[in-house]
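Novice: Given next are the chains, with one letter for each unit.
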Amino acid sequence: MKLKKTWLLISFFFALLISVNVFAKPQRIVSLNLCADQLLMALLPPEQLIGITQLASDPEASYRYQEASQYYQHTSRIEEIMALKPDLVVVGEFTAQPTNQLLEELGYKVIKLGLPVTIEEIFQQVIFLGEHIGEPTQAEKLVLNMREELAKITALREKEPKRAVVYYANGFTAGQHTIVNEILNIAGLDNIATELGLNFVAPLSLESLLASKPDILLLGRLNENTDSLAHQVLRHEAINQYAALRQVQKIMIPDRYWSCAGPSSLAAASYLQQHLLRKTH
Amino acid sequence: MQVKTSLNTRRQETLLTLMLTSILFILFAFSLVVGDVNINIINGLSDIFNNKSTLNAIIFEEIRLPRTLLAMLIGASLGLSGAALQGMVRNPLAEPGVIGVSASAALGAVIVFYFGLASAIPMALPLGGIAGALVAVLFLYLLTKNNNSMLTLILAGVAVSSLASALTALALNLSPNPYASLEIFFWLMGSLADRSFTHVWLILPATLLGWWLMLSTRRDLDVLSLGEDTAQSLGVQLQKLNKRIILGAALAVGAAVSVSGGIGFVGLVVPHLLRRYVGYQPGRLLLSSALGGAVLLLAADITVRLLPTQQELKIGVLTALLGAPFFLHLILKSKREWAS
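Note that the protein sequences, when read in sequence, are chains Z and E.
Residues are numbered in the numbering used here as their position in the first sequence, beginning at 1, plus a constant of 616.
Residues are numbered in the numbering used here as their position in the second sequence, beginning at 1, plus a constant of 21.
Please note: incorrect hints may appear among the correct ones.
Stated by the list, open to error - A few chain E residues that face chain Z, going by a derived Cβ cut-off under 7 Å, partial list only: (1) Gly56; (2) Ile79; (3) Gly137; (4) Asn198; (5) Tyr200.
Hints are computed from structural coordinates only; laboratory data are not their basis.
Where a beta carbon is used, it is the ideal one built from N, C-alpha and C, also for glycine.
My request is simple: use the sequences and hints to build the entire structure.
Specialist: Structural data, given as structure tokens:
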């Protein structure tokens with residue numbers, strides 16, 4: 617008798633827990649940040665992720681640009697966000713801050729994603745996001761897949777790491793504390809910017825670039841959309857001549873691979889590795 | 022007595038030319054030595070002469086040399102155009118930057134550059150700049166033709182400048198490239214960072230033609246300083262003179278701005294400083310202003326490279342810091358004329 621009562625009580629609690637859980641699980645999630653878009657698209661169907669940014673379908677900026685067309689893309693204006701009636705808004709810690717703040721003040725549930733700079737931080741971020749959107753198992757599955765991919769890439773590394781340097785538009789490079797640095801290391805390359813003691817994304821003069829004697833030059837977006845001064849430096853005659861002189865390998869990697877930290881970061885590492893291997897064999 | 026002063030100024034002028042040339046020479050050598058990387062000068066030069074491609078040679082030949090040459094070419098264009106325009110409208114405040122010619126040239130270059138025309142036809146870039154500059158010079162010429170007061174010139178310059186800058190910002194915002202809107206600083210303040218020989222060859226023909234057109238008015242400008250009527254009675258064809266200066270300034274400034282952005286005040290400071298050494302004769306001022314402009318811009322560019330800023334300072338910031346006080350000084354000095 618007593619046992620039956622206990623069972624009843626337990627099952628009642630279970631039912632309560634499940635109902636609360638289902639109730640608490642956000643059903644209408646809106647993303648306000650390109651990197652959040654990409655993580656959420658990996659975890660949620662369009663019915664639950666009811667709004668992503670317009671950048672998400674830009675093939676130059678977004679790794680998952682093809683999938684993005686299945687989702688609704690909002691204009692990022694606060695009135696439209698409110699009209700979508702979200703029960704959870706995912707934003708970037710460093711983007712669209714006035715909008716984020718106003719949404720919080722208006723009582724919306726907002727979670728902020730930081731910028732991971734190591735692969736472990738990416739895993740943590742995915743798990744964190746999975747818990748908050750009520751999809752912890754999906755998130756764990758994604759992390760597991762990424763760990764497998766990471767193991768495959770690290771197994772293919774060359775014994776002697778080559779020295780590489782990233783050169784972006786406007787003569788910027790990525791040093792320590794950037795996901796780009798981590799991607800280079802995963803791919804088995806030494807980052808010259810880190811050797812030079814540069815932190816974050818920092819300017820590197822053309823002269824210093826050449827004097828650092830890189831084996832590999834990673835040029836952002838050289839072949840796409842070069843009608844800007846920012847990209848002219850990537851086509852400077854000095855770079856061409858130097859590359860010819862030392863037989864430096866130039867790898868053009870589209871920005872979408874490393875504009876965000878996430879599954880695309882491993883894709884970036886493997887992209888680099890494939891281009892390296894193609895050259896040496 | 023007359024002959025004596027004339028001889029004196031001529032000697033003074035020769036001395037000035039010699040001095041400016043030698044300063045320019047020293048700066049030229051210094052500019053090749055200064056950079057982010059310490060490289061062995063002797064080795065670099067010998068590699069260049071032996072036609073060997075080494076790191077030193079590449080840094081010298083492809084990075085520092087074109088930058089130095091551009092600073093000299095553009096500085097000379099700005100100084101010369103300033104002096105020529107001032108001679109033409111007989112107003113010491115006429116300067117490509119102040120009267121909005123640089124801003125209009127930047128607008129022309131921006132339209133050509135960001136919408137793909139310049140990558141299809143490289144020559145379109147300087148031509149765009151020249152077209153923009155020409156529109157502004159013509160407008161200002163027509164405006165000041167009958168009303169040569171300082172107030173009209175400056176106010177018209179402000180109007181042309183702000184309109185051109187606004188349209189430049191608009192064009193950059195409409196450009197398909199995401200970096201474009203950030204590059205307004207370059208077009209408004211100017212910079213010579215990471216320019217290459219491509220740019221030197223692009224602007225050289227238009228620049229030389231512009232110089233020749235302006236320098237060919239040397240004698241007529243001297244006569245013009247006596248007044249239009251006197252000049253005409255002495256056989257100066259005003260129409261021809263104006264045409265040459267307008268076209269020359271548009272060619273030189275338009276080409277310069279299209280690869281360096283708008284660098285202000287060079288054409289104001291240099292003629293103002295040198296005027297007294299050439300006996301206040303606008304025609305003689307031309308050549309020395311060209312040399313002086315080259316010296317000033319090259320010195321400014323070397324300074325920008327030496328300043329320990331994380332990102333290189335835009336060169337126009339430096340020339341404006343130097344030039345704006347001059348501008349104020351000139352206005353205060355000639356306050357009397359404001360009434361007219």
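Novice: Output the indices of the hints that this structure fails to meet, ascending.
Specialist: none
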